[in-house]
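Peer 1: Each chain, letter by letter, is given below.
There are 2 protein chains.
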Amino acid sequence: MNGNFIINIGRQLGSGGREIGEKLATRMGIGFYDKELIQLASEESGLCCEFFERADEKASQGIIGGLLGMRFPFVGDGAIPVTNCLSNDALFKVQSDVIRKLAEEKSCLFVGRCADYILRDNPRCVNVFISCSNEERIRRLCQIHSISEHVAEEMMNKADKKRAEYYNYYSYKKWGAAETYHLCIDSSVLGIDATVDFVEEFAKRKLGI
Amino acid sequence: MNGNFIINIGRQLGSGGREIGEKLATRMGIGFYDKELIQLASEESGLCCEFFERADEKASQGIIGGLLGMRFPFVGDGAIPVTNCLSNDALFKVQSDVIRKLAEEKSCLFVGRCADYILRDNPRCVNVFISCSNEERIRRLCQIHSISEHVAEEMMNKADKKRAEYYNYYSYKKWGAAETYHLCIDSSVLGIDATVDFVEEFAKRKLGI
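Top line first, the protein sequences correspond to chains W and X. When we follow the numbering used here, the leftmost residue of the first sequence carries the number 4, and every step to the right adds one. When we follow the numbering used here, the leftmost residue of the second sequence carries the number 4, and every step to the right adds one.
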């Protein structure tokens, strides 16, 4: 593991979390992985990108697993049963392996995808959550997607629900809860660039670099 | 309101939140109010301190209010009905008035007691939540109260539940959720003093001072 470190960023849709992550990774000179993980998981597994896109940050549909509150049983062991090879759980396993492999090779910044939980045994992780005022999130989503405020609000609520379901299904922690992360910050308070500064300072202090 | 500002600190039991608040208030030269609010509310109302102590950060027992999800109806208007004058809701009203009065008079730091929600219309508020790893919380509680780890863990879980119930009952936000606060920080990452530094920097940047 040597001097490598990892920054994991959870984020509300429209919070600017991806942009903050990109800027932070560039500034710290480390790899940046958000949607890029889909391409890598596809290459690693030989499965079509489309499967990963469809399953991206979606909890498994498995009724038994959901009812019993079971977590994904394959993480950390090995083989993916052939019969399950296109289930969300199996795709999660492939993506988890990609995340772990990258984290072993070099310093990285991961956005979403339970990376903080997947790498929970790595003491050189800094786990951050980016929230944002609803007004600012709606404003940003309207601007990016050229949609109405009403549509932006719906999109925002659906995405939060989906991300929380995904995270809460695959991890033992709670998405968006302060106690899940080392640092949570509302990006509308200081704005994107000053939030990048602030998260960078925190990460450096935690890591002693 | 002039140049006054307010720092509100929510905190998990055993997180060091009170200590962080005290040190921060001293450093910034502002009033510090935690349990002190009980004494002030007692003086203000002429009611015995004991009533406030018993109700401290406890949600109302009112079944109808609880079932219908009603919030305290007196906030912001005026009179406390005599028949209710010792209910938790009425005591909350007295305490809220004390918090609002203090915030009008001078810069303050409030610990807990929904102060962030009570002062939600004040743009010069910095709302912070202090979390902490369970190991460190238990260690701190054992040390302070000379109790076993098991007892500390029970105390911790009960206090979190009580604080969440109180906050969620009286406010429209969620206790301990990242999106409720401007900044959430795990005090076990940097330690108490460096966390004070960090929160102070954030507050100064937010307030432009």
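Please keep in mind that the hints were generated in silico from the structure rather than gathered at the bench. Treat each hint with caution, since some may be false.
Put simply, identical chains are the same to the list, so a pair is met inside one copy or across any two.
[To be verified] No more than 25 Å apart at the CA atoms, straight line, and that leaves these computed lysine-lysine pairs for BS3-like: (1) K109 / K209; (2) K38 / K176; (3) K38 / K161; (4) K177 / K209; (5) K109 / K161; (6) K26 / K104; (7) K104 / K176; (8) K209 / K61; (9) K161 / K177; (10) K61 / K164.
Peer 1: Hints first: check each against the structure and report whether it holds.
Peer 2: Here's how the hints hold up against the structure:
| no. | hint | verdict |
| --- | --- | --- |
| 1 | K109 / K209 | within (18 Å within a copy, 34 Å between copies) |
| 2 | K38 / K176 | within (23 Å within a copy, 31 Å between copies) |
| 3 | K38 / K161 | within (19 Å within a copy, 40 Å between copies) |
| 4 | K177 / K209 | within (22 Å within a copy, 27 Å between copies) |
| 5 | K109 / K161 | neither (34 Å within a copy, 42 Å between copies) |
| 6 | K26 / K104 | within (23 Å within a copy, 43 Å between copies) |
| 7 | K104 / K176 | within (23 Å within a copy, 39 Å between copies) |
| 8 | K209 / K61 | neither (31 Å within a copy, 35 Å between copies) |
| 9 | K161 / K177 | both (17 Å within a copy, 19 Å between copies) |
| 10 | K61 / K164 | within (10 Å within a copy, 30 Å between copies) |
Hint compliance for this structure: hints 5, 8 are broken, all remaining hints hold.
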